[in-house]
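Undergrad: Below, each chain spelled out in residue letters.
Number of protein chains: 2
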Amino acid sequence: VPYRSVVARLEVATAVRPAGAGRYEAVLDGQWRIGTKPNGGYLLAVLARAAVEAAGPEHPHPAAVSAHYLAAPEAGPAVVEVEMLRRGRSAAQLRATLLAGGARCVDALVTCGQLPPTGGPPYWTGVVPPDLPAEEACLPVPADDPRFPVPLFGEVAARLDPASAGFAVGRPAGKGEIRGWVRVAPAPPDPYALLVAVDCLPPATFDLGLAGSWVPTLELTAYLRALPAPGPLRVRQRARLVANGRVDEECDVWDSAGALVATGHQLAAVRLPSGED
Amino acid sequence: VPYRSVVARLEVATAVRPAGAGRYEAVLDGQWRIGTKPNGGYLLAVLARAAVEAAGPEHPHPAAVSAHYLAAPEAGPAVVEVEMLRRGRSAAQLRATLLAGGARCVDALVTCGQLPPTGGPPYWTGVVPPDLPAEEACLPVPADDPRFPVPLFGEVAARLDPASAGFAVGRPAGKGEIRGWVRVAPAPPDPYALLVAVDCLPPATFDLGLAGSWVPTLELTAYLRALPAPGPLRVRQRARLVANGRVDEECDVWDSAGALVATGHQLAAVRLPSGED
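Heads up: the protein sequence lines correspond to chains A and B, in order.
22 is the number that our numbering gives to position 18 of the first sequence; each next residue is one higher, with no gaps.
256 is the number that our numbering gives to position 252 of the second sequence; each next residue is one higher, with no gaps.
Hints listed in this document are in silico derivations from the structure and should not be mistaken for laboratory results.
Be a bit skeptical, because a hint or two may be false.
It does not matter which identical chain is meant; a pair holds if it fits inside one copy or across any two.
As the list claims (entries may be wrong) - Straight-line distance between alpha carbons at most 20 Å, and here's what the computed SDA-like set of lysine to any residue pairs gives:
#: 1; residue 1: LYS179; residue 2: VAL131
#: 2; residue 1: LYS179; residue 2: VAL132
#: 3; residue 1: LYS179; residue 2: PRO126
#: 4; residue 1: LYS41; residue 2: ARG13
#: 5; residue 1: LYS179; residue 2: PRO133
#: 6; residue 1: LYS41; residue 2: PRO166
#: 7; residue 1: LYS179; residue 2: PRO125
#: 8; residue 1: LYS179; residue 2: THR129
Please put together the full structure from these sequences, using the hints given.
TA: In structure tokens:
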């Protein structure tokens with residue numbers, strides 16, 4: 005299947021329509037929700053899509069995206085306002101703001117450029133990909149858990165390494181790590197799928213016995229390093245420090261060619277057992 | 005010495021003066037340069053200082069700062085333009101832009117709030133601080149290397165673990181890691197010192213035999229987790245992936261009480277040997 009021969013559901017769900025003077029109209033798709041609110045990585049993809057549209061064909065991909073989350077929008081119509089900050093030869097830097105329901109919801113800074121194709125060993129890496137059981141031996145994350153429906157998992161096929169999925173049966177491993185295979189919509193992954201991938205696994209804090217509530221993202225930064233090969237993404241999300249009601253997580257994404265194609269870092273709020281910090 | 009009894013040189017060098025309507029005037033101090041340009045962490049501290057001024061006393065500290073670097077300013081007069089995005093109960097979110105020499109130089113998003121004091125073990129952490137030799141057994145980084153003067157190291161006392169300083173004598177360890185003790189100016193560390201600390205060590209790529217050139221930062225995000233205890237900071241900078249002319253680095257900072265008080269992530273440009281990616 006050629007790389008762009010399928011019109012991906014993510015492509016439709018993140019489509020933006022120019023509406024004059026740096027304004028883009030979007031429709032936030034209810035399928036990409038966690039609980040009642042659109043997923044943070046999905047919102048990042050919408051913002052990046054508008055920034056890339058404004059950057060023009062010389063800078064066709066998002067390369068670094070930093071977002072601060074102000075308010076969680078509802079699904080439905082939204083506007084992205086984009087401002088060009090600097091248009092250079094190898095990169096364009098832009099600001100993008102998501103407005104919905106009359107409120108400012110997400111502010112982002114986006115550096116756009118040309119991502120290289122995946123392939124070949126990197127010059128150097130210190131990040132070792134996790135060994136995972138075969139995709140079919142991993143556990144699918146349900147979209148319709150009655151305690152907490154996550155429609156997102158109807159669009160994103162996430163299958164967890166059973167060794168990091170113990171939280172689902174009350175036996176977290178205590179390592180602060182969730183890992184597994186991810187396929188975003190039916191199409192091969194692209195940079196926007198990578199932006200979803202860095203924020204779609206259950207929070208790494210679930211593996212620490214803190215599975216009671218989702219963790220709302222305060223800040224999320226993604227670095228995209230290459231255009232991913234077709235096939236499933238290998239994703240590992242790790243907690244780094246849980247303290248004072250906040251957790252920072254790092255998320256690494258490898259493509260089917262074994263290349264580290266994206267990394268996300270986020271700071272999120274987390275409810276800790278009373279009396280603990 | 006009480007926590008704020010010394011007027012720190014960093015405090016003076018990052019001072020901002022309100023100039024009406026979200027405008028703050030600053031003077032970029034030539035002492036805080038790497039080579040000929042002000043250090044990226046120092047610029048982050050100037051931006052955060054202006055954001056905190058605008059946020060007001062209920063949100064007295066920077067907690068998450070994300071910056072995209074557009075152009076390197078010269079030392080001298082500068083302006084920071086600040087826009088309040090959302091003022092909430094537990095956090096204020098702002099945008100800050102650094103302008104100097106008629107150019108837009110750095111754009112940042114800043115989440116401000118009240119940082120907790122350091123102390124006590126965290127709820128959980130997966131990040132193990134490095135063992136370091138005693139500060140006096142570590143190697144001071146010179147400010148006046150004739151091949152590449154770094155005035156910054158006249159303000160920041162950085163002493164490297166000899167095991168990660170081999171690059172200085174042509175024998176890098178090849179681990180992509182630089183670690184050591186850092187003291188910022190003569191005063192106890194504060195959140196602004198932490199913003200400098202996450203971007204002041206020599207690039208981790210020096211430890212990979214790429215010591216020929218400094219690496220210009222494209223994006224830098226810092227999470228501040230607690231007000232640091234007085235005393236030296238323990239800092240570890242690690243390369244994660246070096247590929248296609250870019251490196252992402254993570255930098256962790258512990259205070260003298262052993263708490264992980266700050267983490268930085270950056271994407272930077274790096275010149276690789278010709279033919280390599």
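Undergrad: Determine for every hint whether it applies to the structure shown.
TA: Hints and how they fare:
1. LYS179 to VAL131: both (17 Å within a copy, 11 Å between copies)
2. LYS179 to VAL132: both (17 Å within a copy, 13 Å between copies)
3. LYS179 to PRO126: Intra 28 Å, inter 15 Å, cutoff 20 Å: inter-copy only.
4. LYS41 to ARG13: within (18 Å within a copy, 46 Å between copies)
5. LYS179 to PRO133: For LYS179 and PRO133, the Cα distance is within 20 Å both inside one copy (16 Å) and across copies (17 Å).
6. LYS41 to PRO166: Neither: 27 Å inside a chain and 50 Å across chains, both beyond 20 Å.
7. LYS179 to PRO125: So LYS179 and PRO125 pass the 20 Å test across copies only (17 Å; inside, 29 Å).
8. LYS179 to THR129: Classified as between: cross-chain Cα gap 9 Å, same-chain 23 Å, threshold 20 Å.
Checked against the numbered hints given earlier, the structure breaks only hint 6 and satisfies all the rest.
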